[in-house]
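Novice: Spelled out, the chains give:
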Amino acid sequence: MANVLVFIDNPGQALKKSSLELLTIARSLGEPAVAVNGELSDDVAGTLGAYGAVTVFRPSAADLDDYLVAPKAAFLAAVADKSGATTVLLENSPEGKEIAARLGIRLSAGVITDVVAVDADGTAHKSVLAGSYTTTAKATTAVTVLSVKANMVDPEPATAPGAPETLTVDVPADATAAAARITSREQKVASGRPDLTDARIVVAGGRGLDGDFGPVEELADALGAAVGASRAATDAGWINHDAQVGQTGKTVSPQLYISAGISGAIQQKAGMQTAKVIVAVNKDAESPVFEIADFGIIGDLFQVLPQATEEIKKRKG
Amino acid sequence: MKIVVLVKHVPDAQFDRHLSGEGHTTDRDESILSELDEYALEAALQLAEARGGAKAGNKVIALSMGPAGAVNAIKKSLQIGATEGVHLTDGALAGSDAAATSLALAAAVRHLGADTPVDLVLTGMASTDGETSLVPAQLAERLGLPQVTFASSLEVDGGRVSARRDADTHSETVEASLPAVVSVTDQINEPRYPNFKGIIAAKRKSITTLSLADIGVDSSQVGHAGSWTRVTAAEERPPRTAGTIITDEGDAGIKLVDFLAAQKLL
Ligand SMILES: Cc1cc2nc3c(=O)[nH]c(=O)nc-3n(C[C@H](O)[C@H](O)[C@H](O)COP(=O)(O)OP(=O)(O)OC[C@H]3O[C@@H](n4cnc5c(N)ncnc54)[C@H](O)[C@@H]3O)c2cc1C
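Just so you know, the protein sequences line up as chains A and B, in that order. Here this note's numbering is used: the first residue of the first sequence is 1, the next is one more, and so on. Here this note's numbering is used: the first residue of the second sequence is 1, the next is one more, and so on.
If you're looking for bench data, these hints aren't it; they were derived computationally from the structure. Note that this is a predicted model, so its numbers are computed, not measured. From the three backbone atoms N, C-alpha and C, an ideal C-beta is built for every residue, glycine too. Do not rely on the hints blindly, as some may be mistaken.
Said to hold, decoys possible - Derived pair list, reagent style DSSO-like, types lysine-lysine, alpha-carbon separation capped at 30 Å: (1) A:K138 / A:K17; (2) B:K197 / A:K316; (3) A:K313 / A:K250; (4) A:K314 / B:K255; (5) B:K255 / B:K55; (6) A:K283 / A:K314; (7) A:K188 / A:K138; (8) B:K59 / B:K197; (9) B:K203 / A:K313; (10) A:K16 / B:K264; (11) A:K276 / B:K255; (12) B:K264 / A:K276; (13) A:K283 / B:K264; (14) B:K255 / A:K283; (15) A:K250 / A:K276; (16) B:K255 / B:K2; (17) A:K17 / B:K264; (18) A:K17 / A:K316; (19) A:K316 / B:K264; (20) A:K283 / A:K16.
As the list claims (entries may be wrong) - Just the calculated beta-carbon pair ranges, DEER-fashion: (21) B:P67 / A:A120: 46 to 56 Å; (22) B:I246 / A:D210: 16 to 26 Å; (23) A:A117 / B:E236: 13 to 23 Å; (24) A:R200 / B:G250: 22 to 32 Å; (25) A:A177 / B:S211: 28 to 38 Å; (26) B:A114 / A:I182: 31 to 41 Å.
Unchecked claim - Just a few of them, taken from the derived set where beta-carbon distance is under 7 Å, the chain A residues facing chain B: (27) T55; (28) V116; (29) D119; (30) A139; (31) I312.
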């Protein structure tokens, strides 16, 4: 059976859902091994076993987080060599993609990003050109490196859980030589709302909010949704840049995207048009967002959103 | 300082974009300078200007790899203020994936550094067509250089580059020694437009054309032959069509909730 390697960076006290998804995909491709950077708690090791990991590889160094990606890629390349992995799966975060990029060069392996599904033979499915095409791609090399989007499979534990063997792999001596060092890091305060990239529902606001994200936040909270924004809103400083959806912000594919006071410029559409259902609220009937909305309301968001929020609260009782 | 800025000519996102041919590559007929590369160019110009500009020997070289049309991205870069242009073009390059692209670009950067070394390679955060963000990191790995990606601010001082980066859960400051590969976000600056003076001045600036032979790359290392991935199928998604549009008559918020309930989204 082929060996599949999953990279999990700093699992913390419990594995994220996206990591469980990667393990689930890995089992459909072969025998999973895991490379973990950072602390490995007993709980996490247990979950890795429950999800079918046969071997867990850990780096000989504890300072990989002090650098940008390069040493992580070097460690992972060493693990891939040792484990004989023919497929490496990573998270599709900006960092995951960059580790994949450098790993690809180290292993002379084809890299495919933004993967939404993987066939048993390693063929990857993704969408390109702002969601206007769906494509399949395959690496032509002995090893394939894939960064896989979150929420594409339901995590499922293995039928026969095991207790993985833990091995330490030397981080190559030259790994940090050509790496950028992180000199300071500030944690941001968590919003308590779901994470934008993998939220089931996103409520997004644009310039039409005129500085007041209140109506968008209240509707988001009533729906248990994440809050998104157009670039006009983030550039104006009404909300943090992290909330930006679009070409230079986040790509989201939620079940429901509610766009309020956003015109629907091409760069904004690029980030959200693979949402299952799109609702738009805009004063201007000519706004391009109405061309792609499943349900469009021509109206003032300051009337429509609060009314909807009240109604949802009433129905949820 | 000697700065190489990677500029890509990409299909204009304002129009429908298409994949064509056996390799399902992007159709580049209506191409422009990738908007995201304008931020890298602006960052380069600011670094050069802070050091006395071209007069003081600072060079901002706009490097583009691509077919004949890519020269337009270079011309625009020269109009905006780059000091010289380099066009890496060769039939064998067509259809290169990120790995093959980074191989060719790495060879071109080495070639450009043969006389005096390149201090910095600047790129946009992603191309607006492929959108993989793989090339900057792969270029850094191939050149054995540190990479600083997604910089939202940049300072170069005494052989070191430092940058701010913004992630979801944290912001960070990173530092690397030069030479380095740096990709910048659209938060870093406000790119300038070419003005009349710039357009006139660009006519006198040189554009060097390089072939694979010039940079010592064999045609089997690039294009489809040298790519490590292959697109096996591409299907155009049916465009989204408009659904129900209503005008608010005082109850649109309730109708919205009715719609969500009907879609089982509540
Ligand atoms: C290189 C580049 C990258 C970019 N990347 C992104 C990106 O990632 N994401 C992004 O979003 N944009 C991006 N943009 C910007 C994009 O082109 C648009 O400028 C931006 O999306 C506009 O934001 P907006 O729709 O909120 O504002 P506007 O275009 O000003 O639209 C505001 C809308 O609000 C409506 N409105 C106003 N008041 C009300 C009200 N009371 N009730 C209801 N409706 C109201 C108006 O009718 C209008 O349609 C990028 C641009 C460039 C050049």
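Novice: Hints numbered earlier in the text: which of these fail when held up against the supplied structure?
Specialist: Numbers 2, 5, 7, 9, 16, 20, 21, 27, 28 and 29, in rising order.
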